[in-house]
Amino acid sequence: MTAGGITAEPPVAAAPPPAAGPGRLGKYGTGAIFLGPALFLLGVWMVYPAVYTIVRSFFGEHGFIGTWVGIDNYKTLFTTSTLLTAIKNNAIWVAVVPALVTAIGLIFAVLTERVRWAVAFKTVVFLPMAISAFATGVTWRIMYQQDPGLGAVNALGKTISGVFSPAGVLSQASPSTPGLQTTSSGALVLKTATHPGGIVLLGLTGIAPDQVPKSAVQAVTPPPKPGDVVGTVWRDFKPGGGKVGVVEKQELGLPGVTVELRDAAGKTVQSTTSKPDGSFDFSKVSQGTYHAAIGAQTFAKPFGGYAWLGPNLIVPSLLIAYIWIWAGFAMVVIGAGLAAMPRDVLEAARTDGATEWQTFRRVTIPLLMPVLSVVFVTMIINVLKVFDIVYALAPQSEYAKANVIALAMYFTAFQGGGNFGVGSAIAVFLFILVVPVLALNIRRFRRDM
Amino acid sequence: MNRTRIAVVGIAAAFALLAAGLAGATTSSHAKGSHVSALKGTITFDGIWTSTSGQKQFQDVINLFNKTYPNVQVKYKPVGDNLPTVLATAIAGGKPPDMADIAQPGTVAQFAKQGKLKSIAYARSTIAANFAPAWLSLGTYSGKLYALPFKAANKSIVWYNVPAFKNAGVQAPKTFAQLLADAKTIKSSGTPAYSIGGADGWTLTDMFENIYLRTFGAAKYNLLGAHKIKWTDPSVKTALTTMGKILGDTSNIAGGTSGALQYGFNDSVTNAFASPAKAAMVFEADFVGGVITSSTKAKANTGFNTFTWPSITPGPDAGAVEIAGDLFVAFNDTPAIEAFVKFLATAPAAEAWAKQGGFGTGNKNVPASIYPDAITRTNEAPISTAKSVVFDMSDQQPPSFGATASQGEWGLFQDFLKTPSDVAGIQKKLEAAAAAAYKKGK
Amino acid sequence: MAAAAPAVEIPDPQDRVAAKVLRFAARAPIHLMLIVLGGLWLVPTIGLFLTSILPASNLASKGWWQIFTKPSVATWSNYDALFHNHGLITALKTTAYIAVGNTLLVVIVGAMAGYAFAWLDFPGRDWVFIGVIGLLVVPLQMALIPMFRLYDTFGLFDTWYGIALFHAAFGLPFAIFLLRNFFVGLPKDILESARIDGAGEIKIFVRLILPLGLPAIASLAIFQFLWTWNDLLVALTFGQNTTPITVWIAGQLREFGTSIDIIAPASFISLVIPLCVFFAFQRYFVQGLLAGSVK
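Protein chains in written order, with the working numbering: chain E, 1 to 449; chain B, 1 to 442; chain V, 1 to 295.
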């Protein structure tokens with residue numbers, strides 16, 4: 001350990017000091033005992049399958065080995081568009097997730113050191129790791145559903161948007177007759193002009209019975225009044241359809257609708273609200289030609305929800321869910337690293353007058369480097385292999401857009417006919433992708449030595 | 001000396017037992033009817049049905065089998081959705097289960113071509129005595145019989161929300177033109193008419209297949225299914241255009257097009273039958289009933305009911321039935337397996353499950369009265385009695401074309417849902433995908 | 001130095017309170033941030049829990065937040081149904097065997113290998129280590145087929161130890177990576193003095209490295225336990241009658257229709273034991289483990 005200076009060196013994988021002989025077993029004997037079991041398990045369960053996969057990738061579709069096809073499988077690999085999307089997506093995953101997860105884990109690990117109720121917070125963040133991947137997919141499906149009635153995030157959005165832009169009395173309605181037309185602003189205007197003393201009929205359909213305001217009663221056509229423009233806005237539907245444009249029995253009026261009287265130029269002269277039987281009355285209308293209209297605010301749609309699982313947002317949505325799961329992993333492992341940090345170096349730094357931030361940056365982080373690199377490298381490799389969350393969370397219609405290499409491998413090898421040859425080629429491709437990651441780390445290890 | 005004697009006696013006893021066992025096995029294979037057999041054996045069976053979707057009922061079938069063959073142990077393993085992976089691994093790894101239940105004839109054809117399946121020709125006479133010839137040919141590949149269609153689902157059914165229909169004042173339509181008119185009225189009444197689970201591509205292929213079947217009849221349907229007619233054929237264009245009349249009516253679909261693409265099959269059912277209902281009809285098979293009863297509060301007749309897929313072209317095939325089936329295959333051949341397969345082809349095996357509901361069969365010796373309620377009877381009886389029966393076309397295709405998520409038919413029909421106006425484009429892509437799949441022989 | 005200074009300073013009571021308040025005020029933003037973050041983090045999990053206490057038919061049209069407007073709809077019937085289903089307890093026991101068995105194996109074997117890579121010297125050490133990390137990338141699915149054949153040959157099929165060995169092997173690359181990097185950070189002089197004292201490597205390993213490495217070993221144990229507890233594919237492929245909890249749950253799901261009334265409560269039942277493991281190992285994350293252990 002350095003004395004004095006507040007910068008700590010990253011720990012070094014030292015060659016063991018030339019001590020009193022390597023012991024009875026000898027250098028190789030000790031190594032064999034310590035490494036033997038691991039090398040055996042790894043050799044049989046991981047190296048053998050890895051070699052099998054590499055060999056298998058040069059053979060055909062079916063069977064334990066199949067027929068030799070040379071590099072055909074690799075050719076297929078690079079010409080299938082879905083696979084190219086998968087590679088692009090994995091690149092996004094690698095760029096975003098490991099850095100974010102490590103950073104969040106570090107921040108959480110450091111912050112919870114200083115808080116008494118750290119265990120509670122750690123449990124909350126750790127919990128997602130303990131839920132199976134399938135259940136996590138289900139959990140986030142519920143969060144992400146587009147329908148604000150079913151999806152939590154959109155439900156919140158609907159509540160918020162309801163405060164700022166409340167929905168109209170009728171969110172979905174269509175005119176029942178062609179005479180009633182939709183304008184660009186969303187209002188419905190009756191094409192036929194009307195004059196004082198006239199009756200205006202504004203029939204609407206596409207309204208579910210339970211959407212009709214509770215105060216509604218049987219629609220009524222009011223008698224004409226000289227000097228006034230009267231009319232009804234009502235739900236122009238009865239079981240079977242009924243006659244369109246005519247107020248019939250069983251058809252309810254629509255109260256609370258904003259009806260406007262517009263002059264020939266289209267400006268709103270008067271506006272009123274319909275009564276429980278749907279009738280309305282524009283009083284004291286001066287001579288002229290007018291058009292009746294239903295204001296756009298009547299049809300203000302409630303918040304429809306964002307399509308988190310739609311083609312545009314599916315990849316970010318998956319990233320968020322994945323980070324939610326794995327931050328706990330980073331936090332726990334880094335927390336372990338923090339717990340084992342030698343306190344005296346930190347104390348020395350503090351007594352030397354370093355601030356919290358300086359201590360953190362110059363002492364803690366370097367000492368934590370080995371653990372941080374474990375988390376970071378593991379996350380890179382995990383993210384290259386990511387499968388469960390995409391399979392469980394993305395709807396089937398978005399598999400192509402959200403495709404990742406492991407998903408493509410699964411579908412190629414096990415579903416839809418089972419092409420183990422190409423599946424193995426994809427796996428080999430995954431092996432190759434890791435090589436740069438390892439190369440970077442070799443350099444870091446070299447520096448340590 | 002003592003030890004050697006014991007050993008000799010022991011070996012002799014073992015041989016005696018073995019001989020007796022073999023004798024018993026050979027004699028009992030001729031035993032029929034209620035005669036209890038001494039046949040011994042174990043059968044491992046990998047299946048889709050889990051404890052909430054048929055495992056108990058299938059166990060009842062097995063128990064009935066054990067009445068005649070009490071010494072044959074059938075070990076059923078519920079694998080659910082993971083069946084393709086587990087089965088593929090086991091087959092490639094060299095140790096497949098004795099029997100498995102596979103839902104796609106296309107997959108069965110593949111295994112047959114790879115030589116992994118054992119022929120079940122020993123059951124041919126039993127099957128012929130219980131099923132119409134079309135069912136025998138469903139299980140036959142390159143002239144050999146490999147599969148027994150044990151469980152069948154009727155896919156030419158439409159489930160509708162009774163209160164929604166009442167509110168709209170419409171009756172169950174009999175023709176497609178009536179369906180479209182009714183859909184318009186339902187929309188005016190304030191509820192979208194169609195609930196589509198587009199996230200599961202197979203719901204879209206089912207709709208296409210019913211339309212094609214009812215427009216052009218069973219013979220042409222089978223030609224398209226065997227890829228003897230290309231997907232660029234004008235008949236496909238007609239069928240797709242008809243389908244576009246439903247898919248293109250976006251304001252009449254629950255959630256619109258984007259919603260339909262995100263809703264899976266399960267969502268499409270709950271959308272139509274939860275309250276408040278988001279749609280009035282679901283075009284799907286008899287297994288919708290199970291989803292309704294497990295996920296919603298709707299009750300039979302008052303909440304939900306069914307009608308047959310509306311006819312399009314009048315004629316003998318106007319009421320044709322499209323079937324999907326669970327095919328039983330055998331990877332090994334032992335006397336125990338042969339006895340079990342033969343048993344499964346008989347009416348009592350089917351009845352053991354049918355009387356509990358949620359089961360349909362092509363076994364013509366199963367009376368319609370066995371089904372527990374009226375709606376089930378209306379849905380299941382036509383499977384064995386309909387004059388014209390065809391099988392789910394996408395299931396019969398090579399799996400890479402007909403049964404893979406976001407690829408082939410499933411993916412392309414999802415694209416069609418996105419743009420129902422692009423009929424010609426979809427036709428070209430479908431034909432390209434089909435040609436590629438058929439060329440590779442997979 | 002001559003004057004008798006009081007040995008202990010009695011702090012001014014006022015200072016103590018003021019100091020405490022100041023420290024709290026300095027900490028308050030951290031507390032606040034943690035509470036907010038924790039709350040956000042918890043929302044999906046709480047959502048799943050609330051989903052598990054609502055009947056499935058209620059969830060068809062409304063989300064789990066309906067419980068806030070109508071709490072009376074909540075019910076334990078989903079959990080009841082699961083517990084009445086025989087096989088749950090057996091499944092939990094089987095899972096425990098597999099998880100505990102393979103975690104122990106991974107910890108021991110991984111620690112030994114990690115120590116070897118960190119503090120023993122032999123030719124090619126670092127290249128082999130890189131190779132081990134590289135094995136992290138082997139995807140589970142590709143190992144299924146070759147191992148299936150191997151298991152069949154050696155009769156490991158459908159045994160809990162067969163499944164446990166599979167998991168142990170797959171957990172080793174991460175275990176070795178983590179423990180080696182951790183051990184490398186241990187103070188060199190402790191090891192040096194131990195070696196000078198003539199202690200054999202095995203003794204150093206057991207008496208020094210393991211206790212010092214407890215935080216890392218604890219976190220490794222937590223995750224290895226967790227990953228095997230939640231695995232489905234391996235158990236499904238290599239088991240017939242051996243059913244851990246994930247396979248048991250998979251065997252309950254409906255073929256069609258949402259099985260949310262099974263998945264949600266089953267997830268929470270399945271959560272309990274890994275959570276207990278997490279709590280049990282928490283005490284190894286205490287600071288200052290190193291101080292005072294240099295003996």
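The set of hints was computed from the structure by calculation and includes no laboratory data. Predicted model, so just to flag it, every value in this text is computed and none were measured. Think of the CB as a built atom: it goes at the ideal place given N, C-alpha and C, for glycine as much as any other residue. Certain hints may be false.
As the list claims (entries may be wrong) - Sample of chain V residues lacking proximity to chain B, with all beta carbon distances greater than 10 Å (derived):
id	residue
1	K70
2	R149
3	I269
Said to hold, decoys possible - If the Cβ cut is set under 7 Å, some of the chain E residues that face chain B in the computed set are:
id	residue
4	A208
5	G241
6	G245
7	G288
8	T289
9	Y391
10	A400
Here is what the structure says about each hint:
1. K70: holds (14 Å)
2. R149: Given a closest Cβ separation of 5 Å, the condition is violated.
3. I269: It holds; V:I269 is separated from chain B by about 16 Å at its closest Cβ, greater than 10 Å.
4. A208: holds (3 Å)
5. G241: E:G241 check passes; min Cβ-Cβ to chain B is 5 Å, inside 7 Å.
6. G245: violated (13 Å)
7. G288: Hint violated; E:G288 Cβ to chain B Cβ min 34 Å, cut 7 Å.
8. T289: Since chain B brings no Cβ nearer than about 31 Å to E:T289, farther than 7 Å, the hint is violated.
9. Y391: Where the cut-off is 7 Å and the nearest Cβ of chain B is about 10 Å from E:Y391, the hint is violated.
10. A400: With Cβ-Cβ at 4 Å, under 7 Å, it holds.
The structure is inconsistent with the numbered hints 2, 6, 7, 8, 9, although it conforms to all the rest.
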